[in-house]
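> Whenever a hint applies, use it, and build me the whole structure from the sequences.
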Amino acid sequence: MKQVLAAIDFSEATSEVLRCAAELTEAFEATLILVHVAAPNPEFVGYEAGPSSVRDSRARELRREHRMLQEYAEDLRQRGIPTKALLVQGPTVQTLLDEARSLRADVIVIGSRGHGAVRRVLLGSVSRGVLGGALCPVHWVPIRAAAPLGQAKGVA
Amino acid sequence: MKFDCILVPTDFSDDASRALETAIQLAKLQSGRIVLLHAYPIDLPITYPGFSGGALVPDEFYRELRTQADAHVAQAAQEAARSGVSVTGKAVTSPASAAIIAEAEHLPADLIVMGTRGRTGLKHILLGSVAERVVREAPCPVLTVKAEH
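Sequence order for the protein chains is G and A.
When you line the first sequence up against the working numbering, it's residues 1 to 156, in that order.
When you line the second sequence up against the working numbering, it's residues 157 to 305, in that order.
Treat the hints as calculated values from the structure; they're not laboratory data.
Check each hint, because a few of them may be wrong.
Stated by the list, open to error - Okay, derived cross-link-like pairs now, DSS-like style, lysine-lysine, Cα gap no bigger than 25 Å in a straight line:
# : chain 1 : residue 1 : chain 2 : residue 2
1 : A       : Lys246    : A       : Lys158
2 : A       : Lys246    : A       : Lys184
3 : A       : Lys158    : G       : Lys2
4 : A       : Lys158    : A       : Lys184
5 : G       : Lys2      : A       : Lys184
6 : G       : Lys2      : G       : Lys84
Claimed, not checked - Some chain A residues well away from chain G (every beta-carbon gap over 10 Å; in silico):
#  : residue
7  : Lys184
8  : Gln186
9  : Gln224
10 : Ala227
11 : His228
12 : Ala237
13 : Val241
14 : Thr244
15 : Glu259
16 : Val301
What the hints assert, rightly or not - In silico contact screen, one side only, chain G against chain A (beta carbon under 10 Å); selected entries:
#  : residue
17 : Phe28
18 : Val109
19 : Arg113
20 : Pro137
Every residue gets a Cβ at the ideal spot worked out from N, C-alpha and C, and that includes glycine.
Have a look at this one:
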């Protein structure tokens, strides 16, 4: 095992995914690659608030995510774990799987809860997409979500 | 990260074999042990005592199924143990995902390694329905693997 890819979405899953991915990377003396898939830019931003302000806020968000990702990577490097960070834009599942393939990841580390803003719908589709589509092994980290049990059940 | 006890559910499919190989590598690295679990649900029409239909499935049939499943998983465990890793086999009659989660809790397992696709080969309908449930509900991390096609 040479390359561990950690899927980072800045949700409540992230700290657990980072911890698990770091441990795996250390155990296998591998390299850790943090990948965050940002949502694609909206093609039509509408007239209401003024398209340029929407684009500006999107750009700010991307810069913020990029900075956070770099901070995580720097933190891990400080601990002696060789880490790279990558922010890519596109449809979540396909982009993640494409990156895993082109980076020749040996394993994808991902949280089994907490992906996507609209839990009930998106959480399931990302998990299912990665589960069915990944060519390399996928290490699912159970996320004890802060959400009530009843809500967390039956959504992944 | 310590994987002392690795649970590997098997239905003897290609993906399950691949999962077992991966688990063996991990166990070797950390001198862990493997528990090979074969869950076989008995999908027979429900029969009620007192109805004549009940007599269609004699106890003998269930005993025969159990003996076969036990033998099958014991043999697979024995073969896997040739790698030098401690492997024990266990067969249970219950729906796969529930059995896997219950066993992971019972052991307790540090990791579950399983294939994404089982023998129910209706790819698009049943794709990883067992794996999906286990990933969602397992008490420990789950490593899903796919056989190379």
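> Determine for every hint whether it applies to the structure shown.
For each hint, the structure was consulted:
no.: 1; hint: A:Lys246 x A:Lys158; verdict: 23 Å, holds
no.: 2; hint: A:Lys246 x A:Lys184; verdict: 21 Å, holds
no.: 3; hint: A:Lys158 x G:Lys2; verdict: 18 Å, holds
no.: 4; hint: A:Lys158 x A:Lys184; verdict: 12 Å, holds
no.: 5; hint: G:Lys2 x A:Lys184; verdict: 17 Å, holds
no.: 6; hint: G:Lys2 x G:Lys84; verdict: 13 Å, holds
no.: 7; hint: Lys184; verdict: 13 Å, holds
no.: 8; hint: Gln186; verdict: 8 Å, violated
no.: 9; hint: Gln224; verdict: 30 Å, holds
no.: 10; hint: Ala227; verdict: 30 Å, holds
no.: 11; hint: His228; verdict: 25 Å, holds
no.: 12; hint: Ala237; verdict: 22 Å, holds
no.: 13; hint: Val241; verdict: 17 Å, holds
no.: 14; hint: Thr244; verdict: 23 Å, holds
no.: 15; hint: Glu259; verdict: 16 Å, holds
no.: 16; hint: Val301; verdict: 4 Å, violated
no.: 17; hint: Phe28; verdict: 8 Å, holds
no.: 18; hint: Val109; verdict: 9 Å, holds
no.: 19; hint: Arg113; verdict: 8 Å, holds
no.: 20; hint: Pro137; verdict: 4 Å, holds
The earlier numbered hints that this structure contradicts are 8 and 16.
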